[in-house]
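Student: Read top to bottom, the protein sequences are chains L and R. Quick note on numbering: the first sequence equals residues 2 to 114 in the working numbering. Quick note on numbering: the second sequence equals residues 829 to 949 in the working numbering.
Since the hints were made in silico from the structure, they are not lab data. One or more of the hints may lead you astray.
Unchecked claim - No more than 35 angstroms apart at the CA atoms, straight line, and that leaves these computed lysine-lysine pairs for DSBU-like:
1) L:Lys58 / R:Lys896
2) L:Lys72 / L:Lys10
3) L:Lys10 / R:Lys896
4) R:Lys896 / R:Lys941
5) L:Lys10 / R:Lys941
6) R:Lys941 / L:Lys15
7) L:Lys72 / L:Lys15
8) L:Lys10 / R:Lys897
9) R:Lys941 / L:Lys58
10) L:Lys15 / R:Lys944
11) L:Lys72 / R:Lys941
12) L:Lys58 / L:Lys10
13) L:Lys71 / R:Lys877
14) R:Lys896 / R:Lys877
15) L:Lys58 / R:Lys944
16) L:Lys10 / R:Lys877
17) R:Lys897 / R:Lys941
18) R:Lys897 / L:Lys58
19) R:Lys877 / R:Lys944
20) L:Lys71 / R:Lys941
21) R:Lys941 / R:Lys877
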Amino acid sequence: NAGVTQTPKFRVLKTGQSMTLLCAQDMNHEYMYWYRQDPGMGLRLIHYSVGEGTTAKGEVPDGYNVSRLKKQNFLLGLESAAPSQTSVYFCASSYYPLSYEQYFGPGTRLTVT
Amino acid sequence: AQSVTQLGSHVSVSEGALVLLRCNYSSSVPPYLFWYVQYPNQGLQLLLKYTSAATLVKGINGFEAEFKKSETSFHLTKPSAHMSDAAEYFCAVSDGRTRAHSGAGSYQLTFGKGTKLSVIP
């Protein structure tokens, strides 16, 4: 049981390049989330999904897109990366929303130059 | 709207001393409250959670937190700090509603900005 895994662990992009971050969970969780973590800012929710085929915007969705084609996977895309998107990105999943534990992946450190 | 304030971005304690990390929240409805811990270069791990049962909540690694509605607080404590407790701690709040219950609920956990705990030998 690997829990929540994220690919890649590190990435450096040039401004304007695109990339996709992959999150996978093997716990059969319905709910999945993408957060970004910046120094002194805590975690902020980018997008989330309440089930296969659904996505919704969180607190800071601009510049990102997501897809949940399979229940176990949640993809985060950057179509045209900007330096302001330099951050550590965390994926999380949960069986129930809110009152139950969110399980976090190890994070992806992205630098946009 | 909900919000979380963690007092002190950095707290230092001596090994064996009391750990007290402060968290105050605001929520328009009875909240669910959480403390997460993040060790260096790792994801977040749940320490404990309050979901409207007992107001004193015990978590892993000897930590506990008390929900005080009158003070809108959920402070995290541990009687005796250990070197392995050095990490960053995040308080989080949700309003506990879901679309199924309210038709206009939120799935969002709102996190505080974190408190980095250092333990001095």
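Student: Keeping to a limit of 35 angstroms between CA atoms, is the pair of Lys896 (chain R) and Lys877 (chain R) held or broken?
Tutor: 14 angstroms, holds
Student: Sort out whether Lys10 (chain L) lies within 35 angstroms of Lys58 (chain L), counting only the CA atoms.
Tutor: 24 angstroms, holds
Student: Measure nothing beyond the straight line between the CA atoms of Lys10 (chain L) and Lys941 (chain R); if it is 35 angstroms or shorter, mark the hint as holding.
Tutor: Since the Cα atoms of Lys10 (chain L) and Lys941 (chain R) sit roughly 23 angstroms apart, the hinted pair holds (cutoff 35 angstroms).
Student: Check the hint pairing Lys877 (chain R) with Lys944 (chain R) against an upper bound of 35 angstroms on the C-alpha distance.
Tutor: 19 angstroms, holds
Student: Is it true that the CA of Lys58 (chain L) sits at most 35 angstroms from the CA of Lys944 (chain R)?
Tutor: 29 angstroms, holds
Student: Regarding the pair Lys897 (chain R) and Lys941 (chain R), is the alpha-carbon distance no greater than 35 angstroms?
Tutor: Holds, at roughly 21 angstroms.
Student: Does Lys15 (chain L) sit within 35 angstroms of Lys72 (chain L), going by the straight-line distance between their CA atoms?
Tutor: 31 angstroms, holds
Student: Starting from Lys58 (chain L), check that the Cα of Lys896 (chain R) is at most 35 angstroms away, please.
Tutor: 32 angstroms, holds
Student: Hey, Lys941 (chain R) versus Lys15 (chain L), does the alpha-carbon distance stay inside 35 angstroms?
Tutor: Measuring from Cα to Cα gives roughly 28 angstroms; hence the hint holds.
Student: If you draw a straight line from the CA of Lys15 (chain L) to the CA of Lys944 (chain R), is it 35 angstroms or shorter?
Tutor: OK: Lys15 (chain L) and Lys944 (chain R) at ~31 angstroms, within 35 angstroms.
Student: Would you mind confirming whether the straight-line C-alpha gap from Lys896 (chain R) to Lys941 (chain R) stays at or under 35 angstroms?
Tutor: With a Cα-Cα distance of about 21 angstroms, the restraint between Lys896 (chain R) and Lys941 (chain R) holds, given a limit of 35 angstroms.
Student: Take the C-alpha atoms of Lys10 (chain L) and Lys897 (chain R), compute the straight-line distance between them, and say whether it is at most 35 angstroms.
Tutor: Violated, at about 40 angstroms.
In this structure, the earlier hints numbered 3 and 8 are contradicted, and the remaining ones agree with it.
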